[in-house]
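The residues making up each chain are set out below.
Protein chains: 2
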Amino acid sequence: MFVMPVIILLGVFSLIIAGLFAWSVLRRPATGGIAVQEQADRLVEISAAIAEGAMAFLMREYRTMGVFMAAFGLLVGFLVSWISALAFIAGAAISILAGFIGMRIATRGNVRTAAAAQRSVALAFRIAFDSGAVMGFGLVGLAVLGLALMYLLLNLLMPGASPVEVMEALAGFGLGGSSIALFARVGGGIYTKAADVGADLVGKVEENIPEDDPRNPAVIADNVGDNVGDIAGMGADLFGSVAESTCAALVIGAVAFAAEPGALLFPLLISAVGIPVALLATFFARTGSERGIEPALKRTLVVATLVMAVAMGFITLTLLPETFQLGGVDYTSRGVYYAFLSGLISGILIGMLTEYYTSNRYAPVREVARASETGPATNIIYGLSLGYKSTLFPVLFIAATVYIGYSFAGMYGIAIASLGMLGTIAATLTIDGFGPVADNAGGIAEMGGLGPAVRKRTDALDSAGNTTAAIGKGFAIGSAALTGLALFSAFLVASGIKSVDLLLPKVLAFLFVGALLPFLFTAMTMKSVGKAALDMIKEVRRQFATIPGLRETHLLTEQGFALLEKEAGLPKDRVSRLRPLVDKAFPTKEAVLKEMKAHIGTLRAMPADEALQKGIDLGFVAGRPDYRTCVDIATRASLREMILPGAQVILTPILVGYLFGVESLAGLLAGTFTAGVVLAISSANAGGGWDNAKKYIEAGNLGGKGSAVHKAAVVGDTVGDPFKDTSGPSLNILIKLQAIISLVFAPFFTHSLNLLG
Amino acid sequence: MFVMPVIILLGVFSLIIAGLFAWSVLRRPATGGIAVQEQADRLVEISAAIAEGAMAFLMREYRTMGVFMAAFGLLVGFLVSWISALAFIAGAAISILAGFIGMRIATRGNVRTAAAAQRSVALAFRIAFDSGAVMGFGLVGLAVLGLALMYLLLNLLMPGASPVEVMEALAGFGLGGSSIALFARVGGGIYTKAADVGADLVGKVEENIPEDDPRNPAVIADNVGDNVGDIAGMGADLFGSVAESTCAALVIGAVAFAAEPGALLFPLLISAVGIPVALLATFFARTGSERGIEPALKRTLVVATLVMAVAMGFITLTLLPETFQLGGVDYTSRGVYYAFLSGLISGILIGMLTEYYTSNRYAPVREVARASETGPATNIIYGLSLGYKSTLFPVLFIAATVYIGYSFAGMYGIAIASLGMLGTIAATLTIDGFGPVADNAGGIAEMGGLGPAVRKRTDALDSAGNTTAAIGKGFAIGSAALTGLALFSAFLVASGIKSVDLLLPKVLAFLFVGALLPFLFTAMTMKSVGKAALDMIKEVRRQFATIPGLRETHLLTEQGFALLEKEAGLPKDRVSRLRPLVDKAFPTKEAVLKEMKAHIGTLRAMPADEALQKGIDLGFVAGRPDYRTCVDIATRASLREMILPGAQVILTPILVGYLFGVESLAGLLAGTFTAGVVLAISSANAGGGWDNAKKYIEAGNLGGKGSAVHKAAVVGDTVGDPFKDTSGPSLNILIKLQAIISLVFAPFFTHSLNLLG
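Here the protein sequences come in this chain order: A and B. Adding 135 to a residue's 1-based position in the first sequence gives its number in this note's numbering. Adding 135 to a residue's 1-based position in the second sequence gives its number in this note's numbering.
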């Protein structure tokens with residue numbers, strides 16, 4: 136009886152914590168610690184451009200999402216029930232809200248982190264960490280609270296319904312969350328890589344200007360992309376996992392615990408308990424040195440895992456009946472705890488393994504780097520091998536978790552194992568949200584010309600962020616696999632299927648069909664990135680070709696300085712004062728003109744037009760790139776390109792279930808999980824491996840930046856980009872969304888045509 | 136009663152046909168049609184080097200195989216039965232014999248094809264076709280005869296045994312065939328690509344000499360590799376498929392047809408009937424023009440398919456009882472015929488689809504070619520996408536075949552569908568064996584300096600050979616999938632498993648483990664190629680560095696001619712007579728020296744040593760590359776590098792079956808099939824796509840040979856090499872070998888520890 140109030144209180148508590156973390160970030164002035172006004176203005180300008188771009192993307196995405204939600208909501212309403220449709224809309228809306236909060240704080244935390252890095256690494260770390268925590272606690276709080284309130288509402292709306300019926304309607308909430316994740320992961324994934332590849336291929340390769348150079352018209356879109364992909368994408372993905380796993384566990388548990396409300400709500404309690412545990416863990420995230428950043432982040436996760444293991448031991452054994460029945464088999468509360476533990480432990484192990492395979496501190500990535508010595512082809516071969524090989528242990532862990540969960544607590548055990556892996560989700564998301572904030576801070580520091588000392592600090596933050604991002608990716612894939620299986624189990628329960636026998640012809644046939652879907656989906660998303668990147672490349676090329684002075688500024692700067700000294704007869708120290716304006720930074724034409732006129736006598740006398748031309752000739756003033764068009768192109772291309780893969784994910788289970796029945800659909804889902812999980816892990820790790828092999832070489836190994844070895848490694852990195860940030864993570868959505876659609880549409884499939892008998 | 140004699144007669148008939156085709160090839164003189172004696176000598180020399188290299192590889196491989204067969208035979212004997220061990224040895228020995236015959240004729244047909252191309256394209260086509268036919272009819276004849284005689288022998292050795300017991304022992308024959316395929320496909324695949332990559336990376340890239348240049352020390356190993364991979368590898372693979380599918384069908388059918396010997400032997404009859412059908416089809420393979428080559432080859436296959444469909448309709452309905460029982464379900468002979476047809480049809484469809492996705496006449500490959508315009512990274516991304524996307528229809532066809540076979544005739548139907556796909560195997564292997572012979576003929580023509588007109592003809596033959604090779608690859612994968620499933624079904628029958636329920640925890644867990652195995656195996660084989668190629672690269676570099684005059688010959692030739700005219704005062708026409716000796720061809724030092732002395736007065740007076748040095752200085756004489764060491768290195772590296780992947784394939788099913796029981800093993804096999812088939816198709820097609828995208832550009836499109844676009848496409852081609860010729864085809868073996876090991880060791884698994892209960 137007291138369980139629901141506790142859950143709601145913890146949900147509210149989580150939102151308050153998130154609010155406090157947000158306050159701790161926002162109370163600092165955006166450019167605190169920056170003494171030079173020009174630099175401060177510049178920082179504000181850049182971060183505003185990023186925030187504006189991010190919002191522009193979100194707003195356009197929301198419009199598309201709105202149409203989709205209305206259409207799909209009607210479909211759910213007509214084919215399933217209007218109450219499920221309501222839950223669907225609520226789940227989608229709350230997921231959108233969670234993503235919005237994460238994006239808002241990330242695009243404000245980034246500039247503050249960059250500015251704080253001027254002062255101390257400890258402060259910069261704090262701000263980036265707190266920004267991540269807003270995301271972590273906000274998202275989990277919204278998920279827990281949303282699910283709890285929707286459960287109460289459904290009980291009101293469905294008087295006399297059995298707990299199983301209520302829980303099945305509640306699954307619509309999970310479907311809503313997962314549908315948004317489709318947009319965030321697939322659309323967002325296409326966005327981020329189209330911008331990244333477009334920026335790199337024209338900027339770095341054709342124009343030969345450095346990464347994050349403010350003259351590159353796609354640079355803001357690239358930075359927006361980091362937020363879209365790593366904040367909104369990862370957040371929606373894991374929001375979906377939490378909501379779906381909880382729904383799955385609730386559906387399965389409703390059969391066993393119909394009479395015991397405390398035990399019934401146990402799955403919801405797991406995520407709720409994770410909230411204070413994660414808060415406790417955040418106190419261990421302190422560091423004063425660059426070296427201490429990564430250990431501090433990892434410590435947070437380890438502490439959260441240990442405390443969660445102990446806390447859930449007490450709660451499970453207290454709350455659940457000592458023995459219970461499910462599908463005619465007797466299980467114990469102790470067994471449920473083992474299931475929970477297996478998920479919790481395999482989550483952290485998979486995360487660590489992901490780091491091992493993608494960090495350039497270990498052998499696998501270094502091998503890929505060395506393979507670049509014989510050219511891009513061997514770099515690609517070794518990278519793909521790394522990805523394929525890296526699936527061994529993660530998949531074995533997932534298999535072991537499935538086995539343990541299943542044999543100790545039946546299908547309920549799989550769902551609980553999944554929630555176990557997600558038990559530390561608030562902590563995981565916190566350290567995971569840290570990454571893109573730190574990454575963005577580095578970009579802002581670069582564009583704002585904050586100098587090498589600051590850049591070194593943000594690089595240290597960024598590097599630690601890459602590690603936590605790798606761990607987070609491992610978690611996301613692992614939890615997608617378990618969530619998918621949990622939903623699969625719930626779907627079987629909801630459909631009343633008692634066995635999925637591979638000796639049924641249609642099951643075996645659809646196992647094959649299911650296994651090809653991840654490959655087909657990957658082919659589509661990879662090509663989508665290619666097409667969207669092409670749009671971006673054309674636009675960036677167009678801007679470089681048509682905006683006068685855009686390309687030259689930087690190249691002519693030194694020449695300009697020399698001319699100023701000679702032609703204008705300016706003393707050296709006065710010329711030096713101009714440097715911060717032109718070096719790295721990218722001020723407006725007007726600002727430079729004003730400054731130049733203030734400093735240089737000859738220009739002061741000229742009319743504005745003439746002085747401007749002189750400035751361009753001298754290399755000080757350049758046309759301003761049109762960031763907004765690039766952001767817009769990436770936005771439109773990403774939404775256009777996600778239609779086909781999106782349609783595949785949504786239509787396949789509905790059509791197969793309707794045309795060929797639930798057994799065929801079960802075979803399809805099983806095929807998709809198994810092949811999908813392996814392909815997702817290999818895509819993510821191959822991509823990560825290529826990225827870090829390149830970084831290893833850039834750090835001065837094997838010939839360093841600019842060498843032939845580096846060029847070979849850049850090829851792998853470019854191939855790896857869509858692998859690790861689009862196709863790989865999108866497979867999580869494929870796995871989960873197909874399964875939850877099957878679950879939600881289970882009632883509709885009773886009308887199946889069963890074409891295969 | 137009359138069925139067995141018919142089978143044996145057809146088997147003998149097939150061997151006689153093979154003998155006649157061999158006679159038709161060998162009765163022609165090796166260099167018939169070559170007027171210039173030097174060229175003829177040169178051709179003989181080159182083809183002898185290839186034949187010698189091929190035999191050297193085979194002999195060393197046989198030694199390793201001998202040790203393996205003895206060890207594995209003992210294992211089978213101890214753990215299963217000595218009769219199974221006997222069948223295993225017989226199957227292995229006959230597969231070896233089939234491969235040996237194929238290699239012998241291919242390495243003699245190649246030079247005759249090259250020489251005949253001097254005369255007419257029709258004659259060259261005939262010789263290459265007949266060489267392929269020796270392989271096709273020889274292999275099928277040996278398979279049919281071997282199985283039939285082994286069946287009779289086992290009946291003698293096992294008096295009183297039930298048909299099921301006899302058939303289970305016979306499965307050892309299939310295991311033998313498949314084990315040899317492991318060596319031929321994995322070892323051979325590593326060999327061929329190590330030689331190819333090694334030859335290309337040093338020759339084409341570092342030394343800047345053309346493909347098939349006789350100065351390249353790895354060039355003979357490369358040509359040997361074509362035979363090893365495409366003749367011995369493909370042959371052993373399909374020999375394994377025939378033997379295994381037949382064994383699987385016999386095991387399953389033995390339950391239903393124990394009392395009807397005619398029906399019992401029906402599976403064996405299918406391959407036997409394919410023999411006269413294929414012979415009939417060969418009469419349609421005639422062409423007098425270059426354009427007609429490909430249609431002629433395809434016509435052969437289409438005719439064989441049509442006749443087979445009609446013939447088997449009569450035989451099935453006549454031989455099998457109108458209705459029969461299997462696993463308590465009633466089936467009809469008509470149903471068995473439908474199963475056969477579905478396999479037959481999907482085989483040819485999958486073959487055609489493979490061609491569509493890998494030929495540069497169609498959109499997919501051209502898209503990859505165009506993607507090379509933006510560099511190697513986009514070439515790789517689009518190539519991988521092509522591979523992933525190309526799995527859609529083949530897998531749907533396989534799924535449909537499985538469904539049709541299964542629902543019309545139960546597990547027996549799957550095995551019959553598999554034999555249906557292999558029904559045209561004699562014809563398929565004939566047109567498939569044509570490819571490497573034509574390819575080698577092109578290489579020999581190039582090395583022998585036969586001139587552009589001849590090369591154009593061999594190129595046309597080679598191009599058609601690529602098409603049939605693509606079709607053959609599709610067949611091989613499709614039949615591997617169905618053979619694997621047939622063996623899986625037989626394994627279930629042999630183990631008495633009545634259902635493979637994914638709702639058993641261990642089945643579900645091992646489905647995941649099974650799905651990761653193809654990825655792990657691919658990672659291993661790809662890296663094996665990398666390592667073996669590195670050995671080769673080192674040796675080729677060493678030879679270029681240490682053998683005097685090796686590199687220079689060609690480069691200095693023109694200079695040498697000029698010097699001769701000036702210094703030796705030789706008239707222009709006398710110098711021209713020397714050209715055939717040095718241009719393209721690579722004669723012995725002694726031969727050149729003799730010729731030069733005969734022609735040039737100044738040299739005649741010199742002692743041999745001094746004249747030789749003069750010759751080297753003039754660029755006529757060069758150090759001879761040490762082909763044999765390169766062949767030896769590829770041989771040793773390939774056998775060394777196949778140990779790890781080989782151990783994975785063999786040990787996994789035995790260990791899983793023994794430790795975790797047959798249900799776990801069933802889950803593992805199902806996971807491996809589904810993920811394996813999809814990965815195999817995508818690997819083969821991506822590799823083929825990259826290869827032909829490069830060739831499309833080399834044909835003068837998008838900038839042509841030497842352009843930046845071409846360089847980008849070469850990267851994809853190099854990545855694709857191990858994909859299409861090592862990892863992809865090796866997956867066929869993984870799929871089948873794991874399954875037949877499970878079947879053969881089924882009796883041993885009754886002692887399973889069943890650790891997971």
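Be careful, since some hints might not be right.
[To be verified] The calculated DSS-like cross-link candidates involving lysine-lysine, where the alpha carbons are at most 27 Å apart (straight line), are:
1. 846/A to 673/B
2. 633/A to 840/A
3. 846/B to 673/A
4. 830/B to 846/B
5. 633/A to 339/B
6. 339/B to 830/B
7. 846/A to 666/A
8. 633/B to 830/A
9. 846/B to 673/B
10. 840/A to 846/B
11. 840/B to 830/B
12. 339/A to 846/A
13. 591/A to 830/A
14. 846/B to 633/B
15. 846/A to 830/A
16. 830/B to 830/A
17. 633/B to 339/B
18. 846/B to 666/A
19. 846/A to 633/B
20. 591/B to 846/A
21. 846/A to 633/A
22. 830/B to 666/A
23. 830/B to 591/B
24. 339/A to 633/A
25. 339/A to 846/B
26. 830/A to 840/A
27. 339/A to 830/A
28. 840/B to 339/B
29. 633/B to 830/B
30. 633/A to 830/A
31. 840/B to 633/B
32. 591/B to 591/A
33. 591/B to 846/B
34. 846/A to 840/B
35. 840/A to 339/A
36. 830/A to 840/B
These are calculated hints, taken from the structure and not from any lab test.
Status of each hint after checking the structure:
1. 846/A to 673/B: 23 Å, holds
2. 633/A to 840/A: 59 Å, violated
3. 846/B to 673/A: Given pair residue 846/B, residue 673/A holds - Cα atoms ~23 Å apart, limit 27 Å.
4. 830/B to 846/B: 12 Å, holds
5. 633/A to 339/B: Not satisfied, since the Cα-Cα distance of roughly 61 Å exceeds 27 Å.
6. 339/B to 830/B: 15 Å, holds
7. 846/A to 666/A: 23 Å, holds
8. 633/B to 830/A: 54 Å, violated
9. 846/B to 673/B: Holds, at roughly 23 Å.
10. 840/A to 846/B: 22 Å, holds
11. 840/B to 830/B: 9 Å, holds
12. 339/A to 846/A: 11 Å, holds
13. 591/A to 830/A: 15 Å, holds
14. 846/B to 633/B: The hint is violated at about 56 Å.
15. 846/A to 830/A: 12 Å, holds
16. 830/B to 830/A: 34 Å, violated
17. 633/B to 339/B: 58 Å, violated
18. 846/B to 666/A: 22 Å, holds
19. 846/A to 633/B: Given that 27 Å is the threshold and the Cα spacing comes to 57 Å, the pair is violated.
20. 591/B to 846/A: 37 Å, violated
21. 846/A to 633/A: Distance of about 56 Å is beyond 27 Å: violated.
22. 830/B to 666/A: Satisfied, since the Cα-Cα distance of roughly 24 Å is no more than 27 Å.
23. 830/B to 591/B: 15 Å, holds
24. 339/A to 633/A: Answer violated: residue 339/A to residue 633/A is near 57 Å, above 27 Å.
25. 339/A to 846/B: 20 Å, holds
26. 830/A to 840/A: 9 Å, holds
27. 339/A to 830/A: Holds. Residue 339/A to residue 830/A sits at ~15 Å (cutoff 27 Å).
28. 840/B to 339/B: At roughly 12 Å apart (the allowed maximum being 27 Å), residue 339/B and residue 840/B satisfy the hint.
29. 633/B to 830/B: Distance ~51 Å between residue 633/B and residue 830/B Cα, so the pair is violated.
30. 633/A to 830/A: Distance of about 51 Å is beyond 27 Å: violated.
31. 840/B to 633/B: Status violated; Cα separation ~59 Å.
32. 591/B to 591/A: 61 Å, violated
33. 591/B to 846/B: 24 Å, holds
34. 846/A to 840/B: Holds: residue 846/A and residue 840/B sit about 22 Å apart, inside 27 Å.
35. 840/A to 339/A: OK: residue 840/A and residue 339/A at ~12 Å, within 27 Å.
36. 830/A to 840/B: With Cα atoms ~33 Å apart, residue 830/A and residue 840/B exceed 27 Å; violated.
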